[in-house]
Amino acid sequence: MSQAKISISVRRAGTAVSIVDIQGEITSFAETALTEAYNQASRGGVNTILLNFEGLEYMNSGGIGLLVTMLIRANRQNQQLAAYGLTEHYQQIFELTRLNEAIVIFGSESEALAALPQA
Amino acid sequence: MTSEPTGAESRDAAHWAHPVSRLKVSDVPTGAVSLNVEGRQVVGPLQGFGQLWQKTYRLRMPGAQVEPAQVVDHMKQKLPELMPPGSRFYPSVSGVQPGELVLINATLPGVPGIIATGVMVLYSDEESFTLMCPEGHPEAGWNTFSAYEEQGVTVAQIQSLARANDPVFEFGFRFMGGSAQQERIWRHVLSGLAQAFGVPAEVEFLKTLVDRKLQWSQAKNVWYNAAIRSALYAPVRLIRRLVGRRS
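Chain order of the listed sequences is V and L.
Our numbering applies: residue 1 is where the first sequence begins, and numbers increase by one.
Our numbering applies: residue 1 is where the second sequence begins, and numbers increase by one.
Quick caveat, the hints were computed from the structure, so don't treat them as lab data.
Take these hints with a grain of salt, some might be off.
Quick list of in silico lysine-lysine cross-link-like pairs, DSS-like style, CA-CA up to 30 Å [to be verified]:
1. V:5 / L:76
2. L:76 / L:24
3. L:55 / L:207
4. L:78 / L:24
5. L:55 / L:78
6. L:76 / L:55
7. L:207 / V:5
8. L:24 / L:207
9. L:24 / V:5
If the Cβ cut is set under 7 Å, some of the chain L residues that face chain V in the computed set are [what the hints assert, rightly or not]:
10. 12
11. 45
12. 47
13. 123
14. 161
15. 210
Per label pair, the in silico range of CB-to-CB distance [claimed, not checked]:
16. L:22 / V:54: 31 to 41 Å
17. V:7 / L:196: 34 to 44 Å
18. V:110 / L:113: 37 to 47 Å
19. V:117 / L:201: 47 to 57 Å
20. L:14 / V:115: 25 to 35 Å
21. L:62 / V:5: 23 to 33 Å
22. V:104 / L:22: 23 to 33 Å
23. V:7 / L:112: 47 to 57 Å
24. V:44 / L:113: 51 to 61 Å
25. V:44 / L:110: 35 to 45 Å
26. V:114 / L:113: 53 to 63 Å
Every residue, glycine too, gets a C-beta built ideally from N, C-alpha and C.
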């Protein structure tokens, strides 16, 4: 079976925002890694999860599906999902799949943190 | 009928369709009715009305000396033949390529005549391809056809992540047998695949309710309902056919 080629770390930015740093490939094999990262990121009263895609190397339609399910989970918890670090190509994919209508996309981490509610 | 992928910065760039604001049907395969696709936008799992389901159908192919890429290539080439009689797929001459359209003429339980719709090839590589629905289609979302190797055995998989596009289709899926019919379709496809590769047609099925909420803000999608529009258009088609025969 193909292996997940992804590494994810989670860090906090203030009390209400978690940043999920994604490095590698988002395919259907990344399901476990993304689920664990989401669980870790949403602990402790977080109301925004910010996905850092600067290290994204590859994504297929299975990966986009995982982002949809993560978004649904976040919405159920009244959390906002936001993203930054998407190349123009991946921004186009968000547009094509219409994920950009539900996930706010920022140009950089600083821009995102300046705009997102911190508490 | 195509939109060329662009951008060379990512390995996956060539596998994705290019964003399109509206679908454009440029050639209609012989025998297909092209309706409810031209000018429509594609809709993902976030844009529909009904409950969001992930349905996974798997066929393990023990003993078949076949690589995942060969299985996916077979599905791409033989998709129309793999579909059951009541659900006809008409790929464009370019086949299952990113951005291409596949017209669909199908029957639905409780709906007289055919429903004409289609899907866009959202993604296609050697080991998977994904078909995305347009406005008016029974579902909003996509279906991914893939194959992979698991413990030395090739596994073919069809996975849908979709919700009913509007309240009429949601009712149909829940109470008119639409959901069961849909499940029969994908089991049929995998059974046909099993037959082609000489393996037992034992299809595993897993169904997960991802979001139980109805999205009432999307109830307006009924305006594009392909079943209603196909039924309204049926007399026009009939008249055209009769006029065509006389002249």
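Status of each hint after checking the structure:
Pair hint residue 5 of chain V plus residue 76 of chain L holds up; C-alpha atoms about 26 Å apart against a cutoff of 30 Å. Between residue 76 of chain L and residue 24 of chain L the alpha-carbon distance is near 21 Å, which keeps this suggested pair within the 30 Å criterion. Between residue 55 of chain L and residue 207 of chain L, the direct Cα distance comes to roughly 4 Å. Compliance with the 30 Å bound is thereby established for this hinted pair. Simply put, residue 78 of chain L and residue 24 of chain L have alpha-carbon atoms about 24 Å apart, close enough for the 30 Å limit, and the pair holds.
As the CA atoms of residue 55 of chain L and residue 78 of chain L are separated by approximately 22 Å, the hinted pair is consistent with the 30 Å bound. Of the supplied pair hints, the one linking residue 76 of chain L and residue 55 of chain L holds, its CA atoms being roughly 20 Å apart against a limit of 30 Å. A distance of roughly 26 Å separates the Cα atoms of residue 207 of chain L and residue 5 of chain V; the hinted pair therefore holds under the 30 Å criterion. Restraint check: the Cα-Cα separation between residue 24 of chain L and residue 207 of chain L comes to about 33 Å, which exceeds 30 Å; the hinted pair is violated.
Pair hint residue 24 of chain L plus residue 5 of chain V does not hold up; C-alpha atoms about 36 Å apart against a cutoff of 30 Å. At a threshold of 7 Å, the smallest CB-CB gap from residue 12 of chain L to chain V is about 5 Å, leaving the interface hint in force. Nearest Cβ of chain V to the Cβ of residue 45 of chain L: about 5 Å, under the 7 Å cut. The hint holds. With 7 Å as the threshold, the beta carbon of residue 47 of chain L comes within range of chain V, its nearest partner Cβ sitting at about 6 Å, so the hint holds.
At its closest, the beta carbon of residue 123 of chain L sits 4 Å from a beta carbon of chain V; the interface hint therefore holds under the 7 Å criterion. With its C-beta approaching chain V no nearer than about 5 Å, residue 161 of chain L sits inside the 7 Å limit, and its interface hint holds. For residue 210 of chain L, the shortest C-beta to C-beta distance to chain V is roughly 6 Å, which falls under 7 Å, so the interface hint holds. Our hint of 31 to 41 Å for residue 22 of chain L and residue 54 of chain V holds, since their Cβ atoms are close to 32 Å apart.
About 39 Å separates the C-beta atoms of residue 7 of chain V and residue 196 of chain L, a value consistent with the hinted range of 34 to 44 Å. For the pair residue 110 of chain V and residue 113 of chain L, the beta carbons lie near 57 Å from each other, so the given range of 37 to 47 Å is not met. Taking the beta carbon of each, residue 117 of chain V and residue 201 of chain L are about 53 Å apart, inside 47 to 57 Å as hinted. The hinted window of 25 to 35 Å between residue 14 of chain L and residue 115 of chain V holds, with their beta carbons roughly 34 Å apart.
Distance hint for residue 62 of chain L and residue 5 of chain V: a CB-CB separation of about 27 Å, consistent with the stated range 23 to 33 Å. Judged by the Cβ atoms, the range 23 to 33 Å given for residue 104 of chain V and residue 22 of chain L holds: they are separated by roughly 25 Å. As the Cβ distance of residue 7 of chain V to residue 112 of chain L is approximately 54 Å, the hint placing it in 47 to 57 Å holds. Look at residue 44 of chain V against residue 113 of chain L: about 56 Å separates their beta carbons, and that is inside 51 to 61 Å.
For the pair residue 44 of chain V and residue 110 of chain L, the beta carbons lie near 50 Å from each other, so the given range of 35 to 45 Å is not met. Checked against the hint of 53 to 63 Å, the C-beta distance between residue 114 of chain V and residue 113 of chain L comes to roughly 56 Å, which is consistent with it.
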